[in-house]
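Number of protein chains: 2
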Amino acid sequence: MAPTVEGGDAALLPEFPRGPLDAYRARASFSWKELALFTEGEDMLRFKKTIFSALENDPLFARSPGADLSLDKYRELNFLRCKRIFEYDFLSVEDMFRSPLKVPALIQCLGMYDSSLAAKYLLHTLVFGSAVYSSGSERHLTYIQKIFSMEIFGCFALTELSHGSNTKAIRTTAHYDPATKEFIIHSPDFEAAKFWVGNMGKTATHAVVFAKLHMPGDQCHGLHPFIVQIRDPKTLLPMPGVMVGDMGKKLGQNGLDNGFAMFHKVRVPRQSLLNRMGDVTPEGTYVSPFKDVRQRFGVSLGGLSSGRVSILSLAVVNLKLAIAIALRFSATRRQFGPTQEEEIAVLEYPMQQCRLLPYLAAAYALDHFSKSLFLDLVELQRGHASGDCSARQAELGREIHALASAGKPLASWTAQQGIQECREACGGHGYLAMNRLGVLRDDNDPNCTYEGDNNVLLQQTSNYLLGLRARRVQDGACFRSPLKSVDFLNAYPSILDQKFEVSSVADCLDSAVALAAYKWLVCYLLRETYQKLNQEKRSRSSDFEARNNCQVSHGRPLALAFLELTVVQRFHEHVHQPCVPPSLRAVLGRLSALYALWSLSRHAALLYRAERRRSCPGRRDRSS
Amino acid sequence: MAPTVEGGDAALLPEFPRGPLDAYRARASFSWKELALFTEGEDMLRFKKTIFSALENDPLFARSPGADLSLDKYRELNFLRCKRIFEYDFLSVEDMFRSPLKVPALIQCLGMYDSSLAAKYLLHTLVFGSAVYSSGSERHLTYIQKIFSMEIFGCFALTELSHGSNTKAIRTTAHYDPATKEFIIHSPDFEAAKFWVGNMGKTATHAVVFAKLHMPGDQCHGLHPFIVQIRDPKTLLPMPGVMVGDMGKKLGQNGLDNGFAMFHKVRVPRQSLLNRMGDVTPEGTYVSPFKDVRQRFGVSLGGLSSGRVSILSLAVVNLKLAIAIALRFSATRRQFGPTQEEEIAVLEYPMQQCRLLPYLAAAYALDHFSKSLFLDLVELQRGHASGDCSARQAELGREIHALASAGKPLASWTAQQGIQECREACGGHGYLAMNRLGVLRDDNDPNCTYEGDNNVLLQQTSNYLLGLRARRVQDGACFRSPLKSVDFLNAYPSILDQKFEVSSVADCLDSAVALAAYKWLVCYLLRETYQKLNQEKRSRSSDFEARNNCQVSHGRPLALAFLELTVVQRFHEHVHQPCVPPSLRAVLGRLSALYALWSLSRHAALLYRAERRRSCPGRRDRSS
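These protein sequence lines map, in sequence, to chains G and A.
Counting along the first sequence from 1, when you hit position 65 you're at 65 in UniProt numbering, and nothing is skipped either side.
Counting along the second sequence from 1, when you hit position 349 you're at 349 in UniProt numbering, and nothing is skipped either side.
Think of the hints as simulated: they come from the structure by calculation, not from any bench.
Hints may be right or wrong, so weigh each one.
Any copy, or any two copies together, can satisfy a pair, since identical chains are not distinguished.
Pairs of lysine-lysine, DSBU-like flavour, derived with a Cα cap of 35 Å [said to hold, decoys possible]:
| no. | residue 1 | residue 2 |
| --- | --- | --- |
| 1 | K484 | K291 |
| 2 | K212 | K484 |
| 3 | K212 | K181 |
| 4 | K202 | K265 |
| 5 | K146 | K102 |
| 6 | K249 | K48 |
| 7 | K73 | K291 |
| 8 | K202 | K73 |
| 9 | K146 | K249 |
| 10 | K73 | K499 |
Since the model is a prediction, treat every value here as computed from it, not as a measurement.
Produce the entire structure from the sequences given, and follow the hints as far as they go.
Shown next, in the form of structure tokens:
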């Protein structure tokens, strides 16, 4: 049963203050309170309100929008605020397990306040803390308690100056010295400096440092994580042998201190190795539960999926904020009109509606996707924690990896383009710093890059789909995945035979129509990409080249269309559940149809071209 | 005869310093010096070098990229730098008349150094100064000399808090008091405050203020410009009755002090009226050489075309800078490779090439367009200055207005999207402030908004084309314009009958192919838009609504396609001139083809749809 307004608390959803938006609000065809309750649930609304009230009433969080804050001051404030968030202790560990969605909800609330704060908190707890917890063992539990009391402050040091995306080329070394039972952490040169590490610039005392583990005789066991103290917690002065510093001003998120570090033969005890995937015994032998380096590597980077899911949800936050600002402005800003005397709100212009409303729909669809994917991730992590080694668990990991690897690009780009559209749609006023659209754009921008460059990540998703197709062709395997996102592909011959027939515009105003077209599109793109890849492989020397030559015109649109289909599918199902309150069905159905049709329309050229090929199968575009 | 390298001076185009780009540079199929000479000409290269050398050697222009400068300090520095530019006196009035392209070249050089400096200089000289010169009369010449000596510093105050695009709704008043022979400048309320005025925030001593001129008996003669002193040049304190201030931090261009002003019954002498389009005689009678308010209004805002052309050229500067940064980075950054040992430059990836190279081509095509449009504008202004009242002069004004009104949107959006792509293509390093991509993006952003919001401006261009079409249909008038940008439309029935036939990819690698497709597209869009507009007019109550309902899907793509065609046409002709050095023909031809095909490809869905309608003329898309 859906929550109802009556079940709510007037204090939980108070009326908006009276103002120039009243006229538009009065014209709404639905109750916004009912929609908020349906979207969030009462418990979550209460949780978010607790957080926002605390921040509103705490002078440490007071600020002037658009203030000219120096870099140092901003970084200092952000650290103090992060510390205060720990003191508030909004989310107990029990609460986290009982209602896991509160984890991203807390991060989102912080992100609504300031991306730099969300990032700083997230990097310390969910990135540094999770890495210690999931890559370490009992001997590292002592760190966990210190993380939550902020006795130590952490960062995650993987990227180097010369290598980000290509993690296998990371060059920091950790040589084991059996005489002292220590590892010697070393940066061979400037290009191997750890780089871009969030929290490292000013405040981190400890880092999870990824380095290549070498045993005596120079046997290399590949990348392993080590916990390394980089600063004295009392003075924040660097530890001996560590050269650490702040990277300076960035395009945004300037409250976050990104840093670099070089290690000059820094000795750390044997126990600093986070030893879940490989360990060195007190006797000086390397042991690992994994058979080969590749498998070990896969596990050590497994945590990246959760980073991508977090980024996805923060991108959605940025889009939500921007679209609310732009729509409210558009409803009150009047410019031109049917006569010189009568001006109308700019929101009345079809142009303004076309620019903004699809992003409103996108915010709803992506918000739902982000929550649902987070719950999938929780399932995966619970499996890991309980030691599930089943084939299903492995498949779930691969599926979530594929969804997160395209979900982060889709959400971060949608937010980036949406915020820019909102900025422009607010005209000159949108360019004033106090109106926040610039900060949102600049703070959202790195979401397109970190935890994997968007374009590079999309290749992960297209590779996943191509792998399934290859198994189908070679072994006759079914398309089947734990979350069922690829199961429709089994019907691809009949899907590709379908023709799209509608008799009126009204027939299209249901996301089921766009959904059917999307399924067709993904089947078509998968077939074409697979053919193109094989053709390239036959005519080229290497797989590497073949894949690169397929990505622009095939792999990339395939990955994006597949993810858009998944987002549309999940939102369509969500708004067509029986539990949706009848009074919300119309508006939710419209949001779902708008997002689906708008997304699909960006593939219009592909759809036309495909239809043309079908109607003249002998004739291919000359360019192909 | 084209200039040759031999004709140049080794000091003018010195070799690049040796470094990691050498390998790529050595592989070039042409001489970059020859290309620079062809693109700019020796005289212009020398002029630009003079400017850059002066700035390089002057400590006032020293700066640290990505430095954390306070708002006040940055604004102060920018003012001092602007003053120094006047002291350098790079461009004499004679030089300006002899080689008018040096005017935008100077602005572009300043823009290459810092957009805020270019804007500050431009606003004082070409916007404030030109307004005084072209809207005033002999009695205002005394101001001109003070402008160039910077004894006074100016701004152009048209926009108000509540009205920007809709200039007719501007509400500041100027009541004439015959008793004292003064005008009383007054802001009736907060919403009528002058707003966003560049230079007004901290430094302007004088403003050209647009206000509605009222004569006794409250007869209103519409908007007129007045020169009003707003600050004491010695103390920079506001004049009595003037409330003036800085608008605070913006998304970019923070060296420029945008400001607001409210006037409380500020009295200015009768002679403050810039009286070219209307005057009040000493006896207290309003006189004007123009018959009606509309015509007067058109003349008073005529200067906006030149603003748009300047913005266009500054957007091109931003794009040039960003693409050079991104391409150089891509040629040196190595990531992944065919084997684990061998990494390749990211520029080798087809994905990176597809992301960046079209923007390189766009920079060349738009740079040429910007120069050629500036020369057209010079012709128009010379006609104005010589009192040319011919029909051709009026037509030239309309054509340039149409080209500038779509040219500014095309260039500013191309730069905006290009800079964002460059930022992302440089990965994390692109997010570091010192690498300048963020500043370029933030500084370019307002180009999409000021001097007319891009989307609003495009309507000017589509209206121009629709007006020509209406004259053709109603009076049988030929499509003919002084710059011939619309003349091809006379052949529209035969153009629309053309079919696109190529037999190989190689056949497409000439911009002539895309040019033919563009002509077809513009003819098609013009016909469809005209039909849609008439259909809307028949079914709707007002022209206002009809136009609004056509803009999104018809008027906007029409205006953009028309402008892209013009850019492609001019660049195509430019690179196919007989004077192009043979050694440059291949590379210039490729740039021209790449820009044309890339631009055209964004209309692919439209082209497919149009073809489909042609092959089944009875069948229209159900949605239309």
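To see whether the hints hold, each was checked on the structure:
| no. | hint | verdict |
| --- | --- | --- |
| 1 | K484 <-> K291 | within (30 Å within a copy, 73 Å between copies) |
| 2 | K212 <-> K484 | neither (38 Å within a copy, 67 Å between copies) |
| 3 | K212 <-> K181 | within (17 Å within a copy, 85 Å between copies) |
| 4 | K202 <-> K265 | within (22 Å within a copy, 54 Å between copies) |
| 5 | K146 <-> K102 | within (22 Å within a copy, 65 Å between copies) |
| 6 | K249 <-> K48 | both (31 Å within a copy, 30 Å between copies) |
| 7 | K73 <-> K291 | neither (49 Å within a copy, 61 Å between copies) |
| 8 | K202 <-> K73 | both (12 Å within a copy, 25 Å between copies) |
| 9 | K146 <-> K249 | within (30 Å within a copy, 40 Å between copies) |
| 10 | K73 <-> K499 | neither (61 Å within a copy, 64 Å between copies) |
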